[in-house]
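Here the protein sequences line up with chains A and B, keeping their order. First residue of the first sequence? That's 35 in my numbering, and the numbers climb one at a time after it. First residue of the second sequence? That's 130 in my numbering, and the numbers climb one at a time after it.
Careful, some of the hints might be misleading.
[To be verified] Think about it this way: if two alpha-carbon atoms lie no more than 35 angstroms apart in a straight line, the pair counts; the simulated DSBU-like pairs of lysine-lysine are: (1) A:K295 to B:K162; (2) A:K295 to A:K232; (3) B:K248 to B:K322; (4) B:K455 to B:K148; (5) A:K232 to B:K162; (6) B:K248 to B:K148.
[Said to hold, decoys possible] Quick look at which bits of chain A chain B covers, simulated, 3 or more residues with Cβ under 8 angstroms: (7) 104-118; (8) 316-326.
[Claimed, not checked] The calculated label-pair distances, taken between Cβ atoms and stated as ranges, are: (9) B:F457 to A:T250: 22 to 30 angstroms; (10) A:T609 to B:R335: 30 to 38 angstroms; (11) B:G605 to A:L528: 47 to 55 angstroms; (12) B:F457 to A:S544: 36 to 44 angstroms; (13) A:Q166 to B:L311: 32 to 40 angstroms; (14) B:R598 to A:P529: 46 to 54 angstroms; (15) B:D498 to A:Q166: 50 to 58 angstroms; (16) B:G362 to A:Q66: 20 to 28 angstroms; (17) A:V511 to B:A657: 55 to 63 angstroms; (18) B:R463 to A:S544: 50 to 58 angstroms; (19) B:G415 to A:I77: 45 to 53 angstroms.
Read the hints as simulated data drawn from the structure, not as lab findings. Backbone N, C-alpha and C define an ideal beta-carbon position, used for all residues, glycine too.
Here is what each chain is made of, one letter per residue.
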Amino acid sequence: MADPAADDQQSTSSSRADGDVAKSSQWSLLSQTLRAQRRNLAIGTLVGLAWTVGKVATPILIRFGIDRGIRDGDRLWLWAGLIAAAGLVAGFFTSFRRFYAFREARWTETRLRERLFGHIMSLHIGYHDRAQTGQLMSRSSSDLNQIQSFVVMIPITLSNLTMITAVTVILLVTDWVLALLALASLPFIQIAGSRFSKAIHPAVLAVQAEQAELATVVEESVGGVRVIKGFGAERVQAQKLRTEADDIRRESVNAARIRAKFLPAIELLPQVGLIAVLWFGGQRVIDGDLTLGALVQFNVYVALLVGPLRMIGMTIAFAQRAAAALGRVNEVLDIAAQVEDPDEPVDLPTSATGGPDGLGTVSFSDVVFAYAGATGAPAGPADAGPVLDGFNFELAAGESVAVVGATGSGKSTVARLLVRFYDVEAGSISIDGVDVRHLSLHDLRRAVGIVFEDTLLFHDTVRANIAFAQPDADAGVIERAARLAGAHDFVMGLPEGYDTMLGERGFSLSGGQRQRIAIARAILADPRVLVLDDATSAVDPSKEHEIRSAMSTVMDGRTTIVIAHRPGTIALADTVVLLDGGRVVARGPHEELLANEPRYRDVLAAMEATSDDPDAATPSLAGGDRA
Amino acid sequence: MMRMGGVDDDDKLDAEQAKQVLRRAMRMAAPFKATIAAALGFVALSTLGLLMGPVIVRYGIDSGIDAGDRTVLRNAVFAYVGVVALAYFAARQQYIFVNRAGEGFLRAIRIRVFDHIQKQSLAFFDRYQSGVLISRMTADIESMAELVQWGLLQFIAAVFLIIIALVLMLGLSWQLTIAALLVMPVIIIASRKFQRDSNAAYLEVRERVGQNLAELQEGISGVRVIQAYAQEGEQTRQFVESNRSLYRSHVHSIRVSTWYFGLVEAMGIFASAIAIGIGGWLVERGDVSIGTVVAFILLLALLFEPVQQLSQLYNTVQSSAASLDKLFTILDTRPDVEGGHRELDRHGELVVENVGFRYTNTDASVLRDLTITVADGERLALVGPTGAGKSTVAKLMARLYDPTVGSIAFGGVDLRDATLDSLRHRIVVVPQEGFLFGGSIADNVRIARPDASDAELRDALDAIGALERFDSFEEGIDTEVRERGSRLSAGERQLVSLARAALVDPAVLVLDEATSSLDPGTEAIVEAALDRLMTGRTTIVVAHRLSTIRNADRIAVIDGGELVELGTHDELVGLGGRYGALASAWEASLPTL
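Work out the full structure, taking the sequences as your base and the hints as a guide.
This is the structure:
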C-alpha cells in the first residue's frame with residue numbers, strides 16, 4: 035500500500051507548487067488543533083506499537099521454527115502456532131491503527147473546516163470584495179484535504195519508526211556485519227522515493243495542464259458548434275485537438291520516463307540486501323557462526339522494512355504539501371474582522387423608550403468613505419477617490435426616499451454603510467439617534483432589512499428562504515410576509531408550494547419571482563428601516579409593475595431608502611435625493627426636482643437610455659426564437 | 130493510499146456488455162500490437178526476474194549452504210545478481226512500453242471521438258447536453274488514462290506474477306502449494322467484499338463531499354445576505370451539521386474497510402505459519418528440502434500484494450469499461466448530415482420546396498409543407514412569433530439540419546448532393562451572438578477559411594468597416610481574445626462574427642438577428658457592417674426589428690410551422706392579415722416613431 039505510484043497519484047490533488055507562504059505560525063495552528071485530539075492520537079500510536087510487537091516478533095518466530103522446529107524436530111507445531119498468533123496480533127492492531135489514524139485525520143479536517151467557515155462568515159465585506167470564492171473554496175477543501183493526508187501519517191509513521199529502530203537493533207545484535215550489509219541498500223529506497231516524489235509532481239501537473247487545454251478546445255468546439263458548422267470549420271478545430279492530444283501524450287510519456295527511472299530501482303533495491311544476506315550470511319552458516327533460521331530471519335526483516343521506509347518518503351512529501359496548505363489556511367484565519375461588535379453595545383430605543391418622532395429615523399452626518407484599493411470597489415470608479423464626501427442626509431421615521439445619482443455616484447454605498455458592511459472614514463451614521471457603531475451587529479442588521487440588487491436565494495425551501503432572518507418563524511408569519519410581497523399566489527402554484535426547493539439546483543424562478551421572495555425575506559425580519567437596492571433591474575419590464583406594487587405595500591409606513599436605478603422606481607418614494615460628487619446636491623419631490631434641477635434631468639435621461647430599450651417593448655414579434 | 134475509482138451501479142456493465150466493450154477496445158488497440166507485445170514481454174521478464182530470487186535462494190541453501198559448497202553458493206549469488214539486473218532492465222522498459230501503447234491508444238480515441246462528434250449535425254448537439262459531450266471527451270477519457278498510466282501495468286504485472294509464482298511453487302512442491310494456498314480463498318472473498326463495501330461507502334462520501342462543497346460555496350457567495358440578516362451563526366450551525374455528516378460518512382467508510390487490512394496482514398503471516406508447520410512436517414517426511422520451505426516463505430510474501438491489487442483494480446477496470454462503453458455509444462451514432470459530391474454554383478436561386486421538419490427526439494413537426502423561392506440577391510425577412518419555426522427555416526436553408534420531407538436546392542442542386550465544403554462557402558450562417566474561440570482576433574476570423582492570407586483577412590475586416598477599430602488595439606488584430614470579458618465588447622464580438630462571413634464571401638447569408646441590443650455607439654457600427662456585408666448577396670434574416678423587416682425585399686410570415694403570408698411590406702399591410710396586425714401593433718408601441 036505504500037506504493038510510491040500511489041504517492042504521485044495523491045499529488046495530483048495539489049495544484050500549486052509548494053510556496054513560501056508558509057509562516058512559522060502554520061505549525062502552531064496544526065499543533066493547536068492536534069492538541070485537542072492528543073488522547074486519540076496517543077491511542078493510535080499505542081495501538082501502532084502493539085502492531086510493531088506482532089510484526090517484529092514474526093521473523094524471530096520463523097527463525098525458531100526453522101532452527102528448532104524443522105532442524106531439531108522440536109515442537110514444530112508450537113512454533114507454527116506462535117507465528118499464527120503473532121499474525122493475529124499484527125492483523126488486529128494494524129486495523130485499529132489504520133482506523134484511529136484515518137478517523138483522527140478526518141476529525142482534524144472537519145474541525146478546521148468549521149473554524150474556517152465560521153471565520154469566513156464573520157469577515158467584513160471589504161475582505162469578501164477582494165477575495166475570490168474559488169480561492170476560499172480551495173482553502174476549505176483541497177488544502178484541508180492535504181493537511182488531512184499528513185495527519186493520517188502521524189501515528190502510522192511513529193509506529194513505523196519504532197519498528198525500523200527495533201528491527202535494526204535486533205539485526206545489529208544478531209550479527210552486526212551482516213546487519214550492515216543487509217540494511218545498507220535500504221536508505222537508498224527512501225532517498226529514491228523522495229526524489230521520485232519531487233520529480234513526478236511537476237510532470238503530473240504538466241499532464242493535467244495539457245488535459246485542461248484539450249478540455250478548452252472541446253468546450254469551445256461544443257459551445258461554438260453553430261459557428262463551426264456554419265463555416266465548415268471542423269478541420270481547424272480537429273487540428274487544434276490533435277495538437278493538444280499530442281501534447282498530452284508527450285507529457286504523459288515524459289511522466290512515464292520519470293516513473294521508469296525511479297520505480298524499478300525502488301522496487302529492486304531490497305534485492306541487493308537479500309543478495310548480501312545470501313552471500314555473506316551463507317558463508318557464516320557454512321562456517322557455523324549463524325543458523326539457517328537466522329539467515330531467513332534477516333531475509334524476512336529486509337522485506338519487512340521496505341514498506342515503512344517507503345512510507346517515510348511519502349510522509350516527508352506530504353508534510354511539505356501540508357505545510358504549504360497550512361500556510362494558506364492560516365492566511366485566511368489570520369485576517370481579523372474589521373467590522374466587529376462594540377465592546378459595550380447599546381440597545382436601540384424601543385417604542386417604550388422612543389422619542390416623539392416614532393421609530394426608524396436615520397441620519398448620515400458628514401460621512402466620508404472610500405473603498406480600499408481600486409479592486410475593492412464593487413461599483414465605484416476605478417480610481418480610489420472617496421465615494422461619499424461630506425454626505426449629509428436625514429430621514430424621519432416612516433419616510434421614504436429615493437436615492438438617485440449617476441452610475442458610480444455612491445448610491446449603493448449608502449445602503450452598505452448603513453448596515454456596516456463597511457465603516458465610515460469620517461462622520462457618523464445613526465439609527466434612532468444611536469451611532470450604528472455602538473450597536474451590536476446583530477441588533478443593527480435586524481433593524482435594517484435590505485433587498486439586494488442581485489437576489490441571491492439559497493438552496494432551500496421557499497419557506498426557509500423567506501424565514502431566513504428568523505428560521506423558527508411560524509407558517510402564518512411566513513405566509514403573511516409572502517402575501518405582502520405579492521409572492522403568495524405564485525408560491526402556491528409551485529409544485530410543492532412553500533416546500534419547493536429553490537436555488538441553483540432547485541426550482542428556478544423568474545427574476546420577478548425571485549425578487550418578490552427577496553422582498554418577503556426582508557419583510558419577515560420586520561425591520562425598522564428597509565433598503566431596496568435596484569430591486570427591479572433583473573425583472574422583465576412587463577413584470578415591473580407587479581414588483582412596484584409589492585414594494586409600495588411593504589414601504590407603507592416604514593422608513594425606506596430606495597436605491598433607484600430606474601425612473602419607475604423613483605415614484606414609489608415620498609422624496610428624492612440627488613447624489614453627485616459624493617454628497618447630496620438636491621432634495622425634494624420628483625416633480626420639483628424635474629422642474630428645477632438640470633442635473634436631475636440629466637441623470638434621469640441617462641437612466642432612460644440604459645434601462646428602457648425601445649425594442650424591449652415590442653410585442654410578440656420580438657423575443658428570441660430558439661427552435 | 131488506496132485508490133478507489135467509485136462506480137455507480139448504473140454505470141456497471143453486465144458480463145456480456147463488458148465482453149463486447151473489451152473485444153472492441155482490443156480491435157481499436159490493434160495498431161499498437163507490436164508495442165503491446167513488447168510491453169507484455171518486458172512485464173513477463175521483470176516478473177520472472179523478481180520471482181527467480183526465492184528459487185535461487187533455495188538452490189543456494191540446499192546445494193550450497195547445507196552441502197557446505199561455497200562454489201555453489203557463489204554461483205547462486207552471481208545468478209541472483211544477474212536475475213535482478215535483468216529484472217531491473219525489463220522493469221524500466223515495461224513502464225515505457227506500457228505507457229507508449231496506452232497513451233497511443235488514448236490519443237487515437239481522443240481524436241476519433243472528437244472527429245466523430247464534429248461530423249454530427251446540429252440535431253446531435255441538440256440531443257446531447259454540451260456538458261455531457263465535454264465530459265465524454267475529458268472525464269471519461271481521463272478515467273481511462275488512470276488505468277492506462279498505472280492500472281494496466283499493475284494489472285498485467287499482478288496476473289503474470291500470480292501465474293508464474295503458482296507455476297514455480299507447484300514445481301517446488303505441490304503438497305506445500307496446496308497447503309499454503311488455503312489462505313487464498315479467504316483473501317479473495319474478503320477482497321471482493323471489501324471492494325463492494327468500500328465502493329458503496331466511497332459513493333456515499335463523494336455525495337456528501339458534493340453537498341458540503343455546495344453548502345460552502347453558497348455560504349461564501351451569499352455572505353452579504355447572510356451578514357445583512359445577521360445569520361452568520363445559523364449558517365455556521367447548518368454548515369457544521371453538513372460537515373459532521375460528511376465526517377460520519379468518512380468514518381463509516383473507514384470502518385467498513387479497515388478490517389480488511391488487518392485480515393490481509395494476518396493471512397500473510399498465517400501463510401508463513403503454514404509454510405513452517407506443514408513444510409516442516411514435509412521436510413521431516415523427506416518430501417521437500419528446507420530450502421523449499423524458505424523459498425515458499427519468500428514467494429508467499431511476494432504473492433500477497435498482487436492478489437490484493439487485483440481485487441482493488443477491479444473498480445478501476447470497471448469504471449474504465451463503463452467510460453469506454455459511453456464513448457462507443459457516441460462512435461456508433463451515424464452522422465446524419467453528410468456531404469454529397471456536387472459543387473455549388475457561384476450564384477443561384479434558393480428554392481425551398483414542400484419542406485416539413487421535426488426534431489428527431491420529438492413527435493411534433495416544427496414545419497409543414499413550406500415552399501419559398503428566394504431569388505439571387507434578394508433580401509428575405511422571416512417574421513413570426515417565438516417558436517413559430519422561423520429560425521428552423523433559416524437553419525434548414527444552410528443545411529444545419531436536413532428537412533424531414535421535401536427539398537432545399539441552391540442553383541438547382543439539392544443541398545444534400547452538394548459537397549459540404551462548397552455548401553459552407555456558398556451559404557453562411559451568422560449566429561446571433563459573436564462566439565469567440567481561443568486565440569487572436571485574426572485566428573477567430575480565419576476560422577472561416579483557414580487558408581486565407583493576411584491580406585485577405587484584413588480585406589475582409591475592412592470590407593465590413595471593422596479593420597480600423599481592431600487596428601487601434603495595442604496588438605491590432607493579433608490581440609488575444611482569451612481575456613474576452615475585458616477586451617472585446619459584445620459589439621466587437623459581433624464584428625468578428627461578421628468578418629468571418631466576409632472572409633468566406635458567400636452567395637447567401639443567413640442571419641439570426643440579435644434580440645438584445647448593444648450600446649448605441651457600437652450598434653451603429655454593427656448595423657453598418659451588416660449593411661455592407663449584405664450588399665450584393667442573397668440574405669435571409671430572422672428579423673426582430675421593424676427597421677430590418679422594412680429594408681427587406683420580401684417578408685415571409687411563419688406561424689405554427691407554416692408559411693402564412695409572403696410579400697412586400699406594403700403588400701402585406703394592404704392584405705390586412707397577420708402581418709398587418711403585427712405591424713400596426715408594433716408601430717403603436719414605438720413612441721419615438
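Each hint tested on the structure:
1. Proposed proximity of K295 of chain A and K162 of chain B is supported: the alpha carbons are some 25 angstroms apart, at most 35 angstroms.
2. Only pairs whose Cα atoms come within 35 angstroms are accepted, and K295 of chain A paired with K232 of chain A is accepted, the gap being roughly 13 angstroms.
3. Distance hint between K248 of chain B and K322 of chain B is unfulfilled; the C-alpha atoms sit about 45 angstroms from each other, more than 35 angstroms.
4. Straight-line distance between C-alpha atoms of K455 of chain B and K148 of chain B comes to about 15 angstroms, which keeps the hinted pair within the 35 angstroms bound.
5. Of the supplied pair hints, the one linking K232 of chain A and K162 of chain B holds, its CA atoms being roughly 34 angstroms apart against a limit of 35 angstroms.
6. About 28 angstroms separates the Cα atoms of K248 of chain B and K148 of chain B, which keeps this hinted pair within 35 angstroms; it holds.
7. For the stretch 104-118 of chain A, the proposed coverage by chain B is satisfied: 10 residues have a C-beta within less than 8 angstroms of a C-beta in that chain, meeting the threshold of three.
8. For the stretch 316-326 of chain A, the stated coverage by chain B holds: 5 residues have a C-beta nearer than 8 angstroms to a C-beta of that chain, and at least 3 were required.
9. Range check, F457 of chain B to T250 of chain A: Cβ separation about 25 angstroms, and the 22 to 30 angstroms hint holds.
10. Take T609 of chain A and R335 of chain B: their Cβ atoms lie about 56 angstroms apart, and the range 30 to 38 angstroms is violated.
11. Restraint check, G605 of chain B to L528 of chain A: a C-beta distance of roughly 53 angstroms satisfies the suggested window 47 to 55 angstroms.
12. Between F457 of chain B and S544 of chain A the beta carbon distance is about 41 angstroms. The supplied range of 36 to 44 angstroms therefore holds.
13. About 59 angstroms separates the C-beta atoms of Q166 of chain A and L311 of chain B, a value inconsistent with the hinted range of 32 to 40 angstroms.
14. For R598 of chain B and P529 of chain A, the hinted distance range of 46 to 54 angstroms is satisfied, since their beta carbons lie about 50 angstroms from each other.
15. The beta-carbon spacing between D498 of chain B and Q166 of chain A, approximately 55 angstroms, falls within the hinted interval of 50 to 58 angstroms.
16. Distance hint for G362 of chain B and Q66 of chain A: a CB-CB separation of about 23 angstroms, consistent with the stated range 20 to 28 angstroms.
17. At about 58 angstroms, the beta-carbon gap between V511 of chain A and A657 of chain B stays in the expected band of 55 to 63 angstroms.
18. At roughly 40 angstroms, the beta carbons of R463 of chain B and S544 of chain A sit outside the given window of 50 to 58 angstroms.
19. The beta-carbon spacing between G415 of chain B and I77 of chain A, approximately 50 angstroms, falls within the hinted interval of 45 to 53 angstroms.
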